[in-house]
Amino acid sequence: MSAIRCRQLCKTFKQGDEIITGLDHIDLDIETGEFVCLSGPSGSGKTTLLNAIGGLDTPDSGEIHMGDIRVDKLERGPLADMRLHHIGFVFQAYNLIPVLSAQENVEFVMEVQGVPVAERARKALDILKEVGLEGMEDRRPAQLSGGQQQRVAVARAIVSHPDLVLADEPTANLDSVSAAHLMGLFQELNENHRITFIISTHDKRVMSYAKRLIKMRDGKIIGDEAQ
Amino acid sequence: MKDVTLRMAWRNLWRHWRRTWLTVGAMIFSNGLLIFAMSLQFGSYDMMIDNSLQAYSGHLQLQHPRYLDEPKMRYALDDVTELAERLRRELDLDSISARADGFALASSNERSYGLQIIGVDPAHEPLVSTLPGLVKQGRYLEPGMPGEIVIGAVLARNLKVGLGDELTFIGSGFDDSFAAGIVTVVGIFESGIADLDRALAQVDLAYFQDVFAMQGRGHSLTVRAQHVDDVESLQWQIGELLDTDKSLSLRHWDELQPGLRQSIQADMASNSFMYIVLIVLVAFSVLNTQLMSVLERTREFGTMMALGLQPARLSRLVMLETGLMTALGLVLGIGVGLVINLYMARVGFSYPGMDEVALKFNLPERIYPSFTILSMTLGPAAVAIGSLLAALYPALRLYLLTPIDAMRAV
Amino acid sequence: MTGLGSHFKIILTLSWRNLWRNHRRTAIMLGAISVGVWAMIFMTSLMRGMVDDMLNQGIRNLPGHIQIQHPDFLDDPSVVNSIGEPGGELLTALTQNGTRSWANRIRVPAVIASERESRGINLIGIEPAAEADITGLPAQISAGRFLESNQDKGVIIGAKLAERLETRLGKRVVIMSQDPDNNIAERGFRIVGIYQAELAAQEEFNVFAARATLQKLLKIEGLVSQIVLVDHDYRDVESLYRRVEAATPDGLEVKPWYEIDTYLAAMFNLMDGFVLVWVIIIFLALSFGLVNTLVMAIFERVREIGLIQALGMRPGLILYQILLESLLLLLIGLALGNLLALVTIKPLESGLDLSAVAEGMAMMGVGSVIYPSLTLYDVLLANVVVVLLGILTSILPAWRASQLDPVRALNTH
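Note that the protein sequences, when read in sequence, are chains A, B and C.
Going by numbering that gives the first Met the number 0, the letters in the first sequence line up with residues 0 to 226, in that order.
Going by numbering that gives the first Met the number 0, the letters in the second sequence line up with residues 0 to 409, in that order.
Going by numbering that gives the first Met the number 0, the letters in the third sequence line up with residues 0 to 412, in that order.
Worth flagging that the hints you see were computed from the coordinates, not collected in a lab.
Be aware that a few hints might be false.
[Said to hold, decoys possible] With a straight-line cut-off of 27 Å between C-alpha atoms, the simulated BS3-like cross-links for lysine-lysine are: (1) Lys359/B <-> Lys215/C; (2) Lys159/B <-> Lys218/C; (3) Lys170/C <-> Lys71/B; (4) Lys159/B <-> Lys170/C.
Computed from a prediction, not measured in an experiment: that's the story for all the values here.
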């Protein structure tokens with residue numbers, strides 16, 4: 000179900016008296032297992048596009064298909080379920096739940112998904128090991144560095160093997176070593192688990208990992224090429 | 000705690016521990032106060048009912064159907080002594096006593112007063128009323144001793160009579176004939192209930208029936224149950240026994256002393272108002288705390304929604320947090336209430352000036368709390384429900400949240 | 000204090016704006032304060048109204064604010080314990096300005112008999128002209144007429160007693176009592192009026208006849224049982240009491256109402272205590288929320304407070320600013336609460352009907368309609384307690400805020 004098709008997507012925002020164009024007649028197809036980077040300056044529409052695909056935001060017009068599903072037509076409830084079971088999110092600010100430890104942050108989503116207790120703990124430990132946080136399972140977010148927190152967020156996003164991971168400026172707050180580590184991780188997951196990645200960024204280092212680079216400006220796609 | 004949600008809820012409570020403790024503190028304060036007030040209130044009601052009913056009127060009375068509204072000599076029951084005997088036998092309950100009531104003008108050497116003269120069965124009267132036990136001078140009536148009278152202390156003072164003095168009384172009998180007799184004062188009782196001490200006198204029932212030409216009639220059978228709680232079942236049993244007899248009415252103490260139940264109701268109403276105000280104030284505290292706690296976590300809730308959590312799940316989380324806080328307030332509040340009650344049960348509660356008021360309601364100077372499940376839990380349960388209701392607003396507000404706006408919130 | 004004076008305006012502005020930064024929290028706290036203050040005043044006015052009614056009725060039933068009688072009369076209300084009608088110095092004192100009204104009364108136990116029934120009663124000889132002020136009896140006549148003079152030959156009985164005696168207006172009844180020599184004094188009376196009292200017990204027990212008629216019947220010409228006085232306000236009878244006592248000849252007893260009926264006196268005194276306890280309990284319940292609000296408001300502003308301190312504001316001013324914020328919150332809450340109380344009490348001034356529990360109210364000595372009584376004293380008490388204790392509870396959080404270390408405060412998130 001992960002093949003994504005966007006047709007004639009439009010979205011405008013009001014900011015004060017000004018009307019800002021977020022998306023301007025976007026047509027886009029992304030196939031299962033792709034590793035896509037969205038690049039462009041701030042305000043070019045990257046985040047808006049990611050949010051629309053993830054069902055966090057509804058476009059003013061146009062269609063979004065994910066496999067057989069019309070994402071833009073879904074109600075709030077089914078939309079939430081779709082995100083819960085099929086999509087993993089990684090945000091610019093790590094957005095972990097501060098009162099939960101690294102392991103608990105990962106387990107929490109599984110608990111909501113209905114994964115049995117024993118399986119939850121095992122999977123959480125496995126995934127934290129995979130993202131390189133072995134031994135830090137019991138630390139709270141405040142006791143982790145930015146890079147480590149972002150890795151917990153990635154672990155949380157991918158632990159249930161979603162079909163699609165949407166990452167919005169995931170390296171914006173990371174130093175270059177952490178950024179490289181994170182992108183390596185993404186690449187590995189993409190190759191080993193055939194998870195589709197769509198990553199918005201204006202970080203050149205990130206773009207170098209992309210297999211397909213989409214350039215945006217003023218809500219339009221101005222370039223789309225395989226790397 | 001295997002459940003991550005529960006762990007999260009518990010930890011969330013302590014993110015602002017001062018705020019949580021202040022809110023829990025408001026609950027503990029109110030719960031303790033409610034338990035104290037309600038236990039005292041129920042305790043005083045029990046005493047009020049017991050003291051008022053035991054002194055004279057009993058729990059149930061069997062009367063002529065019209066006697067309650069028009070207590071006149073002619074609304075009498077036939078053969079009361081036999082009827083009382085039959086009921087005692089069939090119910091296997093000794094505390095049933097027959098009475099006859101009349102009005103008479105009593106004269107001593109110096110004074111005359113109108114009084115309520117009651118013919119009683121000296122053998123069974125002590126089982127239904129505490130009055131015989133309250134004889135402070137002399138003794139109570141004895142079976143088979145006609146011509147004796149027991150009177151209230153105030154009446155004795157007003158008539159200027161003492162033990163051994165003679166009283167002449169005149170009244171009118173059942174057949175409107177002239178009724179008169181001379182009796183010797185053998186006992187003087189002091190109940191502390193003004194109406195009884197001022198105007199009540201008791202003589203032997205058979206003697207009364209003779210003087211007032213009652214021909215075996217009487218006006219009531221007074222029944223005292225083992226405990227106030229048994230009254231309803233006893234009422235039902237007697238009703239079954241006397242099923243077909245339309246010439247008898249069984250009166251509950253509610254009807255015999257309507258003021259008693261109503262003054263309790265009036266008191267309950269004004270107390271309930273105070274309790275509700277307290278509960279509402281706690282609810283405001285909870286509303287404030289939980290609304291703040293939800294608002295400051297808007298971003299966090301936004302993230303959780305983006306991860307795919309339904310708003311219902313987040314609402315449940317907020318309610319779970321409120322529930323934990325409420326449970327803490329409930330347990331500690333009951334603890335505080337228990338300590339206060341244990342202390343009050345030892346020393347009793349009194350307030351300067353309260354003794355005069357207590358007397359009016361047949362209460363002792365010190366009131367002791369009643370330890371019942373109800374008095375210990377009703378208040379805290381109401382506080383808990385109020386708190387959870389107050390948290391509904393912040394919890395349901397989450398349904399209005401959209402992930403994008405929430406994550407953008409400060 | 001010069002600091003506070005010269006900066007007052009800016010501090011006031013800061014406090015006011017800060018108060019509305021988190022408008023939801025402020026609104027909820029205002030809700031709590033106004034509900035609390037409303038409850039304080041509303042409940043108090045109902046209780047006051049009830050106790051007022053109880054005292055008024057009780058005092059009417061005594062009757063009077065002050066009584067003069069034979070020292071043995073209260074214990075032994077017999078015709079033997081009569082006193083002479085007032086004269087000389089006492090009469091002068093009674094007729095002086097300042098006594099609202101006074102009257103002689105006769106009160107003896109008696110038996111009343113109709114054709115069918117007999118009852119023990121309280122036979123009361125009154126002077127009709129003064130009665131309206133003393134017991135309000137003339138207004139309670141539901142059938143027939145009130146007594147017309149001290150020599151009137153009729154009696155007035157309660158509706159309940161008429162029912163018990165199976166008699167009615169215009170019928171004759173026989174009243175029996177005794178004279179000072181212990182002879183039966185007996186005579187027939189025509190029922191000229193029926194009255195209805197608030198309390199059924201009075202209706203059944205008190206029978207009224209004219210004073211001179213009873214003096215003749217009881218053979219006590221020139222004697223009465225009591226002299227009763229009514230002052231302007233039952234709460235303040237001290238000066239009248241002292242004046243009358245000084246003028247009363249030896250051998251007579253002068254008693255104010257609160258010594259005659261200790262139950263009424265106890266209720267009267269308990270009321271003030273009750274009001275204070277109630278106000279303080281409500282305040283305590285509120286105080287948790289108040290402290291909570293301040294603690295949170297300060298918590299959110301730690302950085303800001305650090306900044307102001309770094310800019311050179313003295314800790315004292317921060318303390319004042321937070322206290323002022325708390326004061327503003329309390330004052331607005333009080334204003335709303337007082338307004339709410341006023342709005343809810345006004346419509347009840349025509350009376351809150353509690354006839355559903357009338358007999359229970361009667362047991363307490365109260366009529367079945369309560370008229371709330373809003374007194375300045377109670378309103379002030381509630382307001383003063385809230386402001387004073389409110390400021391007192393705010394001092395600790397405010398002081399803690401003023402003691403923050405600016406450098407550390409600036410670095411907190």
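Here is how each hint holds up against the structure:
1. Lys359/B <-> Lys215/C: 37 Å, violated
2. Lys159/B <-> Lys218/C: Within the cut-off at roughly 21 Å; holds.
3. Lys170/C <-> Lys71/B: 20 Å, holds
4. Lys159/B <-> Lys170/C: 35 Å, violated
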